[in-house]
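These protein sequences, in sequence, are chains Y and L. Letter 504 of the first sequence, counting from 1, is numbered 504 in our numbering, and no numbers are missing. Letter 2 of the second sequence, counting from 1, is numbered 566 in our numbering, and no numbers are missing.
Everything labelled a hint here was simulated from the structure, so no lab data went into it. Every residue, glycine too, gets a C-beta built ideally from N, C-alpha and C. Take these hints with a grain of salt, some might be off.
Calculated pairs, SDA-like style, for lysine to any residue (alpha carbon to alpha carbon, straight line, at most 20 Å) [claimed, not checked]:
1) K628/L / L600/L
2) K562/Y / D486/Y
3) K318/Y / A639/L
4) K318/Y / P631/L
5) K318/Y / R609/L
6) K628/L / H646/L
So the derived list for chain L, only partly shown, Cβ under 8 Å to chain Y, looks like this [said to hold, decoys possible]:
7) L598
8) R603
9) V608
10) R633
11) H646
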Amino acid sequence: MATRAPELLQQDGTQPLTGAQLVVRALEREGVTHVFGYPGGAIMPVYDALPGSSLRHILVRHEQAAALAADAYGRVTGRPGVCLATSGPGATNLVTGIANAFMDSVPMVAITGQVASPLMGTDAFQEVDTFGITLPIVKHSFIVRDPAHIPQVFADAFEIARSGRPGPVLIDLPKDMGVAAARAGEPERHPEPPHHADAQIIARADAMIAKAEKPLLYFGGGIAIGRAERALRDLAARTGMPSVATLKGLGALPTDQENFLGMLGMHGTRAANVATDECDLLICVGARFDDRATGKLDTFAPNARVIHIDGDESEIGKLRRAEIGIAGDLTAILDALTATPEIGAWRDRCRRNKRLWAARYDAPGQGVYPPALLKQLSEVAGDNAIFTCDVGQHQMWVAQHCRFTRPQAHLTSAGLGTMGYGIPAGIGALFAEPDATVITVTGDGSIMMNIHELATLRRYRLPLKIVLLDNAQLGMVRQWQELFFDGNFSEIDLSDNPDFAQVARAFGIEAFTVDRRDQVPAAIDRLLRTTGPILAHVRTDPRENVWPLVPPNSPNIHMLEKTT
Amino acid sequence: MSLAMTMAAPRPLTDSGRITVAFAMREGAMLRVLGLVERRGFEVRGVTMAEHRGRASLAIDVRKRDPGRRLAVVAGQLRRLHDVEAVSVSEDEV
């Protein structure tokens with residue numbers, strides 16, 4: 001690959017640069033430091049311009065991992081994560097990661113190569129309509145039609161990706177646009193004006209809160225998106241209100257805060273779901289009445305009036321009518337609410353329920369009990385830890401049993417439910433926060449979706465700590481087949497899994513296996529002490545289920561519980 | 565800018581209506597608008613468009629695919645699109 005002299009990239013707009021050089025300059029101008037990608041034909045001009053730039057490119061082994069790593073990077077930093085791929089299969093491989101970011105409102109800029117402009121629409125080699133394929137899963141998208149437009153396109157893309165409700169933005173770059181030279185000046189900036197809370201509506205909301213006898217704070221991922229944790233914590237402290245969180249909201253309040261009742265919904269705590277059922281006022285902040293949280297919607301919080309506060313106006317009233325809706329900057333809105341309701345009896349009842357229905361960790365037998373392992377691991381790992389999850393039973397166990405003191409410490413594919421998210425997300429998190437203790441909790445189904453990324457860990461010597469909970473099954477599917485399909489187990493057996501410790505070692509990664517409960521403390525110690533990447537292969541009981549569980553389309557108080 | 569609002573109780577809806585969208589005529593804008601309307605549970609039954617100096621006005625006649633769909637909700641989602649400048653809905657136009 002040819003290298004470019006750095007001075008070429010430092011020229012002002014009076015000298016022509018290639019489109020690819022303009023791309024690199026635009027990324028530098030946006031403060032981008034890391035790009036996750038994989039080269040190929042149509043994107044080669046950009047790869048040709050990378051050397052000599054200030055950008056650090058992270059070569060993954062599959063484009064999906066580039067998008068998922070960029071997603072995690074965006075979640076941790078709050079700045080758009082950037083991924084880069086070629087046309088055709090490179091672009092289609094990004095699609096799952098783009099959709100993942102879209103569903104969870106994560107800032108991302110995805111850059112794809114495209115066949116040269118004259119070939120677009122001719123079924124050329126590695127041509128696919130990336131713009132069209134991604135239309136439903138991006139916040140916005142661009143096709144570069146003139147290299148002189150590149151600075152403005154990139155400035156707009158980053159602004160759109162991070163503003164308001166964040167999301168992924170796609171830039172499709174035809175190969176000839178990367179090669180052609182253009183003179184381009186500085187882009188214009190159009191930042192969104194700040195949103196201020198309306199005083200009259202705030203006063204009405206305050207009055208409603210003051211009158212409430214059983215108010216409940218229900219918060220979600222919008223808190224992290226709006227970086228409104230401080231304001232939420234102040235409100236919770238000021239009012240003493242009990243609270244519940246969605247999967248994405250976990251950590252916005254410390255999960256060990258005394259009035260926090262846990263996650264609500266399908267795998268929520270009984271205390272959270274009962275409080276939601278009983279409350280007379282639901283203050284929803286940065287959440288969207290998602291079906292996993294509400295269960296059967298028309299039975300959700302049946303006695304409650306609703307104050308819905310969100311950064312995205314279109315979420316208010318979408319699924320549940322709100323008596324008061326307030327859209328705008330969450331921090332400003334939460335800070336403006338000053339009511340302090342008299343709710344001692346209600347608060348005591350919720351705390352009592354929390355103690356009464358607290359999770360138990362005294363499972364019988366000598367086998368590893370995943371909830372106990374995860375609880376112990378998160379306590380030892382401390383506040384500096386970031387957990388990234390795959391999808392399945394282990395994902396819910398992490399949400400239920402790990403301790404979080406900030407939402408950026410819990411990276412989970414909540415909306416899309418992407419098996420394979422865990423390791424790429426761990427990679428992204430490590431580049432975003434190199435001093436953090438990053439732990440990926442995965443399953444034997446999920447890890448195989450992106451197991452090739454062990455090579456990326458090895459290449460960059462990333463100290464990711466992988467806990468692989470291996471029940472030799474697709475556990476969540478098996479659980480549903482057991483409970484809702486009359487035990488008709490269909491295509492869930494993974495007992496022919498490879499020896500995962502051997503696989504990890506083949507990638508050059510330290511690994512060991514845990515079979516018994518008494519091995520867990522030493523395993524946690526080894527995981528946390530090891531300075532490089534390490535995988536703990538933990539064999540678990542395939543009959544273990546995630547409890548509690550609300551059956552689909554049922555009221556949240558109809559929870560199934562562990563019976564033995 | 566203030567975005568506060570008071571939510572009124574939803575009115576009974578017919579199963580058809582018209583969505584009028586004003587937007588900047590940038591690449592993909594019309595596809596984005598129509599695709600969102602379809603994906604969010606409305607059948608597109610007719611389209612009328614006018615364009616002047618890079619600004620378009622698109623009138624979309626729609627029918628709900630199930631009773632749970634509300635024009636006000638899809639209007640809010642259309643307003644989030646980067647190219648969209650204004651959205652209005654009516655339930656009696658078809």
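Now for the hints, and whether the structure bears them out:
1. Restraint check: the Cα-Cα separation between K628/L and L600/L comes to about 13 Å, which is no more than 20 Å; the hinted pair holds.
2. A distance of roughly 18 Å separates the Cα atoms of K562/Y and D486/Y; the hinted pair therefore holds under the 20 Å criterion.
3. In summary, the hint linking K318/Y to A639/L is supported, as the alpha carbons are separated by about 11 Å, within the 20 Å threshold.
4. At most 20 Å may separate the alpha-carbon atoms for a hinted pair to count; K318/Y and P631/L meet this at roughly 14 Å.
5. Of the pairs offered as hints, the one joining K318/Y and R609/L is violated, with about 23 Å between alpha carbons and a cut-off of 20 Å exceeded.
6. Taken as a hint, the K628/L and H646/L pair is broken in the structure, with Cα atoms around 25 Å apart against an allowance of 20 Å.
7. The beta carbon of L598/L comes no nearer than 10 Å to any beta carbon in chain Y, farther than 8 Å, and the hint placing it at the interface is violated.
8. The interface hint given for R603/L is met, as the beta carbon of that residue sits about 6 Å from the closest beta carbon of chain Y, less than 8 Å.
9. Among the interface hints, the one on V608/L is violated; its C-beta lies about 15 Å from the nearest C-beta in chain Y, farther than the 8 Å criterion.
10. A cut of 8 Å between beta carbons decides the hint on R633/L: the least distance to chain Y is about 11 Å, and the hint is violated.
11. With a cut of 8 Å, the hint placing H646/L at the interface with chain Y holds, because the nearest CB-to-CB distance is about 4 Å.
Going down the numbered hints, you'll see the structure goes against 5, 6, 7, 9, 10, while the others check out.
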